[in-house]
Structures are given as C-alpha cells and as structure tokens.
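Peer 1: Here is what each chain is made of, one letter per residue.
2 protein chains.
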Amino acid sequence: MNKISKLFNIKYPIIQGGMIWCSGWELAGAVSNAGGLGLIGSGSMTPDILREHIHKCKNSTKNPFGVNIPLLFPHAEEFIKILIEEEIKVVFTSAGNPAKYTSFLKENGLKVVHVIANTKFAKKAEEAGVDAVVAEGFEAGGHNGREETTTMVLVPLIKKAVSVPVIAAGGIATGGAMLAAMALGADGVQIGSRFVCSKESSAHEMFKQKVLEAKDGDTMLSLKKLVAVRLLKNKFYEDIAKKELEGASPEELLELLGQGRSKKGMFEGDMDEGELEIGQVSALINEIKPAKEIIDEIISEFNQAKNTVSGVEL
Amino acid sequence: MNKISKLFNIKYPIIQGGMIWCSGWELAGAVSNAGGLGLIGSGSMTPDILREHIHKCKNSTKNPFGVNIPLLFPHAEEFIKILIEEEIKVVFTSAGNPAKYTSFLKENGLKVVHVIANTKFAKKAEEAGVDAVVAEGFEAGGHNGREETTTMVLVPLIKKAVSVPVIAAGGIATGGAMLAAMALGADGVQIGSRFVCSKESSAHEMFKQKVLEAKDGDTMLSLKKLVAVRLLKNKFYEDIAKKELEGASPEELLELLGQGRSKKGMFEGDMDEGELEIGQVSALINEIKPAKEIIDEIISEFNQAKNTVSGVEL
Chain A
44 MNKISKLFNI KYPIIQGGMI WCSGWELAGA VSNAGGLGLI GSGSMTPDIL REHIHKCKNS
104 TKNPFGVNIP LLFPHAEEFI KILIEEEIKV VFTSAGNPAK YTSFLKENGL KVVHVIANTK
164 FAKKAEEAGV DAVVAEGFEA GGHNGREETT TMVLVPLIKK AVSVPVIAAG GIATGGAMLA
224 AMALGADGVQ IGSRFVCSKE SSAHEMFKQK VLEAKDGDTM LSLKKLVAVR LLKNKFYEDI
284 AKKELEGASP EELLELLGQG RSKKGMFEGD MDEGELEIGQ VSALINEIKP AKEIIDEIIS
344 EFNQAKNTVS GVEL
Chain B
44 MNKISKLFNI KYPIIQGGMI WCSGWELAGA VSNAGGLGLI GSGSMTPDIL REHIHKCKNS
104 TKNPFGVNIP LLFPHAEEFI KILIEEEIKV VFTSAGNPAK YTSFLKENGL KVVHVIANTK
164 FAKKAEEAGV DAVVAEGFEA GGHNGREETT TMVLVPLIKK AVSVPVIAAG GIATGGAMLA
224 AMALGADGVQ IGSRFVCSKE SSAHEMFKQK VLEAKDGDTM LSLKKLVAVR LLKNKFYEDI
284 AKKELEGASP EELLELLGQG RSKKGMFEGD MDEGELEIGQ VSALINEIKP AKEIIDEIIS
344 EFNQAKNTVS GVEL
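In order, the protein sequence lines correspond to chains A and B. Quick note on the working numbering: the first sequence kicks off at 44 and runs consecutively. Quick note on the working numbering: the second sequence kicks off at 44 and runs consecutively.
Derived from the structure by calculation, the hints contain no laboratory data. Glycine included, each C-beta is placed from N, C-alpha and C at the ideal position. Mixed in with the good hints there might be a few duds.
As the list claims (entries may be wrong) - Facing chain B, a subset of chain A residues (Cβ under 8 angstroms, in silico):
#: 1; residue: E190
#: 2; residue: E256
#: 3; residue: G260
#: 4; residue: K349
Claimed, not checked - Here are the simulated lysine-lysine pairs, DSS-like style, with alpha carbons at most 25 angstroms apart:
#: 5; chain 1: A; residue 1: K268; chain 2: B; residue 2: K286
#: 6; chain 1: A; residue 1: K332; chain 2: B; residue 2: K203
#: 7; chain 1: A; residue 1: K149; chain 2: A; residue 2: K54
#: 8; chain 1: B; residue 1: K267; chain 2: A; residue 2: K286
#: 9; chain 1: A; residue 1: K132; chain 2: A; residue 2: K105
#: 10; chain 1: B; residue 1: K251; chain 2: A; residue 2: K163
#: 11; chain 1: A; residue 1: K54; chain 2: A; residue 2: K202
#: 12; chain 1: A; residue 1: K276; chain 2: B; residue 2: K267
#: 13; chain 1: A; residue 1: K251; chain 2: B; residue 2: K163
#: 14; chain 1: B; residue 1: K332; chain 2: A; residue 2: K202
#: 15; chain 1: B; residue 1: K203; chain 2: B; residue 2: K167
#: 16; chain 1: B; residue 1: K202; chain 2: A; residue 2: K258
#: 17; chain 1: A; residue 1: K46; chain 2: A; residue 2: K105
#: 18; chain 1: B; residue 1: K258; chain 2: A; residue 2: K166
#: 19; chain 1: A; residue 1: K285; chain 2: B; residue 2: K267
#: 20; chain 1: A; residue 1: K285; chain 2: A; residue 2: K268
#: 21; chain 1: A; residue 1: K258; chain 2: B; residue 2: K167
#: 22; chain 1: A; residue 1: K268; chain 2: B; residue 2: K163
#: 23; chain 1: B; residue 1: K202; chain 2: A; residue 2: K267
#: 24; chain 1: A; residue 1: K258; chain 2: B; residue 2: K268
#: 25; chain 1: B; residue 1: K276; chain 2: A; residue 2: K276
#: 26; chain 1: A; residue 1: K285; chain 2: B; residue 2: K258
#: 27; chain 1: B; residue 1: K285; chain 2: A; residue 2: K332
#: 28; chain 1: B; residue 1: K267; chain 2: A; residue 2: K267
#: 29; chain 1: B; residue 1: K276; chain 2: A; residue 2: K203
#: 30; chain 1: A; residue 1: K278; chain 2: B; residue 2: K163
#: 31; chain 1: B; residue 1: K285; chain 2: A; residue 2: K268
#: 32; chain 1: B; residue 1: K278; chain 2: A; residue 2: K268
#: 33; chain 1: A; residue 1: K258; chain 2: B; residue 2: K166
#: 34; chain 1: B; residue 1: K268; chain 2: A; residue 2: K166
#: 35; chain 1: B; residue 1: K166; chain 2: B; residue 2: K267
#: 36; chain 1: A; residue 1: K149; chain 2: A; residue 2: K202
#: 37; chain 1: A; residue 1: K286; chain 2: B; residue 2: K285
#: 38; chain 1: B; residue 1: K251; chain 2: B; residue 2: K143
#: 39; chain 1: B; residue 1: K332; chain 2: B; residue 2: K306
#: 40; chain 1: B; residue 1: K258; chain 2: A; residue 2: K276
Between the sequences and the hints, there should be enough to build the whole structure, so can you do that?
Peer 2: Laid out in structure tokens, this is it:
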C-alpha cells in the first residue's frame with residue numbers, strides 16, 4: 044500500500060492543498076469523500092470560523108480530513124488548540140518553524156506534515172519529527188520559497204535528503220503530472236490550483252473564470268522583497284511589478300499591498316485590485332468540475348500515463 | 044520505436060544540449076557514440092573553429108550528431124552555410140525566429156529542431172516546419188524564457204499545442220527525471236548540466252568542480268532586463284543581483300556585464316568574475332564521469348523508475 048494512503052488512511056495519495064479563501068469545509072469534505080485528503084485552509088479564517096468549518100466538515104464526511112495552518116499567522120496557536128479540542132487527526136503546517144509545535148501536536152495524536160521548499164527546511168522538519176513533508180516547487184501558487192527550485196528538481200533532492208514520505212506540490216493538476224511526481228520519487232501529491240476550479244471551492248466565480256482563461260506566462264512570482272507569492276497577472280500585479288522594476292523598498296511595497304487584498308480578489312471577485320494567488324498550472328486548467336470528478340479524472344489519467352510509459356522500451 | 048530515436052536514427056531519445064564553452068566535438072562525439080545525439084554548441088565559436096569541430100566530430104563517431112545555432116548570434120548565417128557544406132544532418136536552433144531559416148535548412152536536407160519556452164513560439168516553430176521542438180523549462184541553465192514556466196508545466200502545455208515531437212529540457216539529469224518527462228508527454232529529453240560534468244566536456248575543471256558543489260538555491264535566473272540567463276551564484280552574480288535590486292537600467296547592466304564573461308568563467312576558470320551558466324539540477328550532480336557512463340546510468344535509472352511506477356496500483 045502507498046505510504047501516503049497508509050499514513051492518512053485514505054484511498055488515493057492525493058492531498059487537496061489548504062488555500063486561503065478557496066478551501067473551506069465544502070471542498071475539504073468533497074475531496075475526502077472522493078478518496079483524497081481534504082484540507083481546510085485556515086489562513087483566511089478567524090478562530091470561530093475555523094471551528095464552524097471543522098464542524099461542517101465532520102458532518103459532510105466520515106473520511107479523514109485535515110487543516111492547514113500557516114505558522115506565522117497571528118492565530119496559529121489558538122488554531123492548534125482548536126484542532127486538539129476538535130480531535131482533528133491531520134495538520135499541515137507551513138510558513139514557519141516546524142520545531143515550534145510538531146512534538147506538541149504529535150503528543151496530542153495528530154499526524155503532522157510540514158510544507159518546505161528547500162533541503163535545509165526538509166531536514167529541520169524531519170528532525171522536528173514530522174510524519175511527512177510537502178516539497179513545493181517554484182511553479183506553485185501562493186506563498187513560495189526564495190530559492191525558486193522547481194518541482195522537477197526539488198522532489199528528487201528532498202527524497203535524497205530525508206527518509207520520511209515526500210508529497211510533491213507545484214505544477215500538478217493531471218494524472219500525467221502525478222505519475223511524473225512519482226517517477227521523481229514522490230509518495231503522493233498535493234494539488235491546489237486544480238481544486239480552486241472545483242464546484243465546491245469557495246473562490247469567487249470571477250476568480251475561477253480568470254483561472255480557466257490563464258495561459259502560460261500569466262502568473263509570476265512576485266513580492267520577493269516581502270514574502271514571495273505567485274500571482275495571476277492583473278492590474279494589482281502590474282502595479283507591484285512596476286514598483287519592483289524601479290527598485291522599490293519593502294516598505295513601499297507593503298504600502299502598495301495594503302490590507303485585505305487576497306480577500307478582495309479571490310473571495311469578493313475584484314479582478315483589478317485584488318490579489319489572485321494561483322499556480323503556473325492554471326494554464327492547463329480549462330473546466331470547473333465537482334471535486335469527485337476531478338479526482339476520478341486524475342486517477343484515470345494516471346493509469347493511462349502509467350500504461351504509456353510502461354510501453355517505452357529503452 | 045520512439046519518435047525521437049527514429050527522427051535522428053539514434054539508440055536512445057537523449058539529446059546532449061549544445062552549450063557554449065562546454066560542448067565541442069569531444070563531448071558531442073562521445074554522446075553520439077554512446078547512443079544519444081551529441082550537439083556541438085556553436086554559440087562560443089568562430090566559423091573556422093566550428094568547421095574544425097565538425098571535422099573532428101566526424102572523425103570521432105560514425106553515428107549522427109548535430110550542431111546548435113543561436114539564431115541571434117552574429118555568425119548564424121555563416122554557420123548555416125558551413126552546416127550545409129559539411130553535410131550536417133541535424134541542427135538545433137534557438138534564441139531567434141524559427142521562420143527565418145527553417146525552410147532553407149530543410150530544403151538542404153537537415154532535420155531542424157527549435158528550442159522554445161512558451162506556447163506561442165512552439166506554434167510559430169511548427170508553422171515554420173520544424174521536425175520537433177525542445178520545450179525548455181525555467182530550471183534550465185543558460186538562456187531562458189521570460190515566462191518562467193517550469194518543465195513540469197511547459198511540457199504538457201506544448202504537447203497539447205503542437206503535433207510535432209516534443210523534447211523536454213530543464214531539470215533533467217537522471218533516468219527518473221527522464222521518465223517524469225515522458226509521463227508529462229515528452230518524446231525525448233535534452234540534457235545539459237549533467238554533460239557539463241562529463242569527462243569530455245570542455246568546461247574548465249574549476250567550473251566542473253563548482254557545479255558538483257552546487258546545492259539548491261545556488262543558481263538563479265538573472266539579467267531579466269537583458270536576456271534572462273540562469274547563473275551559478277558567484278561574485279559576478281552577486282554584483283548583478285545587487286544592481287538589479289536597486290532597479291538598474293538595461294544600459295547599466297550591460298556595462299557591468301562587459302565582454303567575454305562566459306569564456307572567462309566557464310572556459311578559463313575565473314570563478315569570481317566569470318559568468319557561470321548552469322541549471323538548477325546541478326544540485327543533483329555529484330560526480331564527473333565519461334559521457335558513456337552517464338548515458339548508461341540514465342538508461343538504467345529510467346528502467347528502474349519505470350518498474351517502480353509500474354507497481355503503483357491506484
């Protein structure tokens with residue numbers, strides 16, 4: 044049995060990435076019902092809202108699901124308490140030091156997975172006692188590493204660096220890419236952008252449509268002087284890019300960024316002034332479907348691609 | 044039989060990328076003798092030197108080999124004449140408009156492959172009549188596209204966009220990555236960085252050593268305001284990066300760049316002031332070997348990875 048399926052007691056080693064404003068209980072529940080692992084993205088929630096999503100997710104599925112917590116987030120500690128009270132079994136941590144909470148979380152019965160983008164943090168996470176790492180490449184949407192290492196290079200590097208299971212993320216929206224990730228040594232995959240364009244995602248319809256229209260070159264890693272984030276190009280992105288080309292300071296960029304940009308874009312549908320986080324793989328996404336159909340399609344493509352490469356005789 | 048092996052009449056669908064200062068007749072001949080397709084990298088040669096390398100390559104192998112020509116290069120037209128006079132059968136063109144010479148080259152009996160980094164140029168190349176395209180991702184060393192699309196995303200995109208065979212490049216140094224490229228839809232692979240660290244490469248020994256020592260995060264896409272190029276970090280890179288952060292103009296960057304930087308670094312071994320072009324995958328390269336051993340190892344890893352993924356039942 045696959046290491047990741049076994050670790051989480053799920054049918055397919057497919058994790059739905061926890062994404063701000065896009066992955067509430069409805070998406071997480073649907074993915075878990077379809078045999079993957081759904082994650083509630085807590086990064087855009089208040090403690091009350093997180094608790095509500097956990098309750099609704101429990102009601103929507105009998106299967107395991109988890110919560111993603113960005114550790115640098117102001118509510119992180121409160122969220123961890125909520126997870127323990129609610130007897131959540133799986134947490135994906137990101138954007139912060141894995142040494143801080145991992146042992147505490149594990150003592151309280153949670154499986155802990157940390158998201159990394161380089162060898163150094165993969166080793167740190169392993170030393171902290173995580174059950175697995177997500178190796179997230181440069182092509183992924185949203186927050187991203189400074190090293191700009193792509194999935195193709197990062198996955199085999201991390202596989203060599205640690206002995207815990209490795210979940211590949213970044214650039215994966217199809218079964219072919221899932222097979223590619225496994226050929227690189229991954230034990231499972233985390234998929235974000237593709238699930239933004241699911242029926243159950245809480246992304247604004249305007250944002251979903253804009254993702255469907257995206258072509259290659261339409262996303263770019265931005266705001267590297269603050270926290271690097273991959274954005275879909277729009278007026279807000281262009282304003283930032285212009286400032287950056289002129290050599291703007293972190294302070295100037297923070298001022299332009301202001302407050303509430305991601306909610307405005309991804310949740311409220313302001314396509315000009317909002318921040319739109321999505322991966323490069325948006326160029327390959329052309330349809331909004333229910334999460335179950337997405338997963339079934341990925342598995343069918345995976346098996347097809349497996350048959351194709353099995354036939355290559357070298 | 045594999046489309047790329049058939050197109051070039053070679054044993055394995057492995058192309059050795061044409062690289063300035065690193066891939067002369069000795070490397071190209073060794074790769075072709077080992078069953079891949081060796082390419083002489085003409086971008087750092089004068090017409091006389093190119094002719095000499097072609098003669099020596101003909102003497103070193105009975106198998107097909109080719110020449111890479113960057114079309115924006117001042118000698119491009121003269122090089123094309125030499126290829127025809129010398130009855131070369133394969134040319135890889137890059138960095139320029141594929142419409143300019145493709146029909147002329149094909150009328151003169153050459154197979155023509157054009158290197159692209161986006162959908163638009165892949166379609167342009169197909170319309171110009173090329174026999175195949177190289178889809179080169181962001182992680183690749185040396186000159187690179189502006190869109191920053193990674194191999195993981197670019198290969199399936201290009202596969203959908205054109206019907207000619209697709210050769211994946213960028214991030215490929217092992218048989219596992221070769222299988223991953225094929226799972227993404229590639230018909231063959233082009234490998235550069237790994238062959239820089241071959242016994243037969245003409246890279247300076249100091250440069251080869253520095254590539255072996257490279258870790259993740261040690262290369263970066265640089266000089267985006269001129270022609271984007273992936274560089275190994277050194278003093279020269281840091282000087283450029285500092286200027287870029289301050290918002291330097293293309294003119295200021297050109298002045299800092301000066302003349303002969305790549306020769307100084309890659310061929311003459313000046314590790315501080317020279318320009319060192321290499322891919323992200325340098326982080327996975329740990330040994331200098333003869334080209335034949337590299338190819339044999341890649342094929343053996345490919346078959347091993349194929350067996351592993353064949354066993355994944357989903």
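Peer 1: It remains to establish, for every hint, whether it holds in the given structure.
Peer 2: Going through the hints against the structure:
1. Nearest Cβ of chain B to the Cβ of A:E190: about 3 angstroms, under the 8 angstroms cut. The hint holds.
2. A hinted interface residue such as A:E256 counts as satisfied when its beta carbon comes closer than 8 angstroms to some beta carbon of chain B; here the least separation is about 14 angstroms, so the hint is violated.
3. A hinted interface residue such as A:G260 counts as satisfied when its beta carbon comes closer than 8 angstroms to some beta carbon of chain B; here the least separation is about 3 angstroms, so the hint holds.
4. The restraint placing A:K349 at the interface with chain B holds, with a minimum CB-CB distance near 6 angstroms, inside the 8 angstroms limit.
5. A C-alpha spacing of about 14 angstroms is found between A:K268 and B:K286, which places the hinted pair at or below 25 angstroms, so the restraint holds.
6. About 20 angstroms separates the Cα atoms of A:K332 and B:K203, which keeps this hinted pair within 25 angstroms; it holds.
7. With a CA separation close to 23 angstroms, the supplied pair A:K149 and A:K54 stays within the 25 angstroms bound.
8. The straight-line distance between the Cα atoms of B:K267 and A:K286 is roughly 15 angstroms, inside the 25 angstroms bound, and the hint therefore holds.
9. Proximity of A:K132 to A:K105 is assessed by CA-CA distance (about 13 angstroms); at most 25 angstroms being required, the pair is judged to hold.
10. Using a Cα cut-off of 25 angstroms, the hinted pair B:K251 and A:K163 holds, with the two alpha carbons roughly 24 angstroms apart.
11. A distance of roughly 23 angstroms separates the Cα atoms of A:K54 and A:K202; the hinted pair therefore holds under the 25 angstroms criterion.
12. Among the hinted pairs, A:K276 with B:K267 is consistent with the structure: their alpha-carbon atoms are about 18 angstroms apart, no more than 25 angstroms.
13. Of the supplied pair hints, the one linking A:K251 and B:K163 holds, its CA atoms being roughly 24 angstroms apart against a limit of 25 angstroms.
14. With a CA separation close to 23 angstroms, the supplied pair B:K332 and A:K202 stays within the 25 angstroms bound.
15. Taken as a hint, the B:K203 and B:K167 pair is honoured in the structure, with Cα atoms around 14 angstroms apart against an allowance of 25 angstroms.
16. Distance check on the hinted pair: B:K202 and A:K258 sit about 14 angstroms apart at the alpha-carbon level, within 25 angstroms; holds.
17. The straight-line distance between the Cα atoms of A:K46 and A:K105 is roughly 21 angstroms, inside the 25 angstroms bound, and the hint therefore holds.
18. Only pairs whose Cα atoms come within 25 angstroms are accepted, and B:K258 paired with A:K166 is accepted, the gap being roughly 14 angstroms.
19. For a cut-off of 25 angstroms, the pair hint linking A:K285 to B:K267 stands: about 14 angstroms separates their Cα positions.
20. For the hint pairing A:K285 with A:K268, the CA-to-CA distance comes to about 14 angstroms; that is within 25 angstroms, so the pair holds.
21. Distance check on the hinted pair: A:K258 and B:K167 sit about 16 angstroms apart at the alpha-carbon level, within 25 angstroms; holds.
22. The suggested pairing of A:K268 with B:K163 is violated, with an alpha-carbon distance near 31 angstroms, which exceeds 25 angstroms.
23. At most 25 angstroms may separate the alpha-carbon atoms for a hinted pair to count; B:K202 and A:K267 exceed this at roughly 31 angstroms.
24. As the CA atoms of A:K258 and B:K268 are separated by approximately 22 angstroms, the hinted pair is consistent with the 25 angstroms bound.
25. For the suggested pair B:K276 and A:K276, the alpha carbons sit about 29 angstroms apart, so the restraint of at most 25 angstroms is broken.
26. Of the pairs offered as hints, the one joining A:K285 and B:K258 is violated, with about 32 angstroms between alpha carbons and a cut-off of 25 angstroms exceeded.
27. For a cut-off of 25 angstroms, the pair hint linking B:K285 to A:K332 is broken: about 46 angstroms separates their Cα positions.
28. With a CA separation close to 15 angstroms, the supplied pair B:K267 and A:K267 stays within the 25 angstroms bound.
29. At roughly 23 angstroms between alpha-carbon atoms, B:K276 and A:K203 fall within 25 angstroms of each other, so this suggested pair holds.
30. For the hint linking A:K278 to B:K163, the alpha-carbon distance of about 23 angstroms falls within 25 angstroms, and the restraint holds.
31. Simply put, B:K285 and A:K268 have alpha-carbon atoms about 13 angstroms apart, close enough for the 25 angstroms limit, and the pair holds.
32. Simply put, B:K278 and A:K268 have alpha-carbon atoms about 21 angstroms apart, close enough for the 25 angstroms limit, and the pair holds.
33. Between A:K258 and B:K166, the direct Cα distance comes to roughly 14 angstroms. Compliance with the 25 angstroms bound is thereby established for this hinted pair.
34. The suggested pairing of B:K268 with A:K166 is violated, with an alpha-carbon distance near 36 angstroms, which exceeds 25 angstroms.
35. Distance restraint check for B:K166 and B:K267: the Cα-Cα separation of roughly 24 angstroms lies within the 25 angstroms cut-off, and the hinted pair is therefore satisfied.
36. Distance check on the hinted pair: A:K149 and A:K202 sit about 23 angstroms apart at the alpha-carbon level, within 25 angstroms; holds.
37. A distance of roughly 16 angstroms separates the Cα atoms of A:K286 and B:K285; the hinted pair therefore holds under the 25 angstroms criterion.
38. Note on B:K251 and B:K143: the hinted pairing is violated, with a Cα-Cα distance of about 36 angstroms set against a maximum of 25 angstroms.
39. A C-alpha spacing of about 23 angstroms is found between B:K332 and B:K306, which places the hinted pair at or below 25 angstroms, so the restraint holds.
40. With a C-alpha separation of about 31 angstroms, the suggested pairing of B:K258 with A:K276 is violated against the 25 angstroms cut-off.
Taken one by one, the earlier hints fail for this structure at numbers 2, 22, 23, 25, 26, 27, 34, 38 and 40, listed in ascending order.
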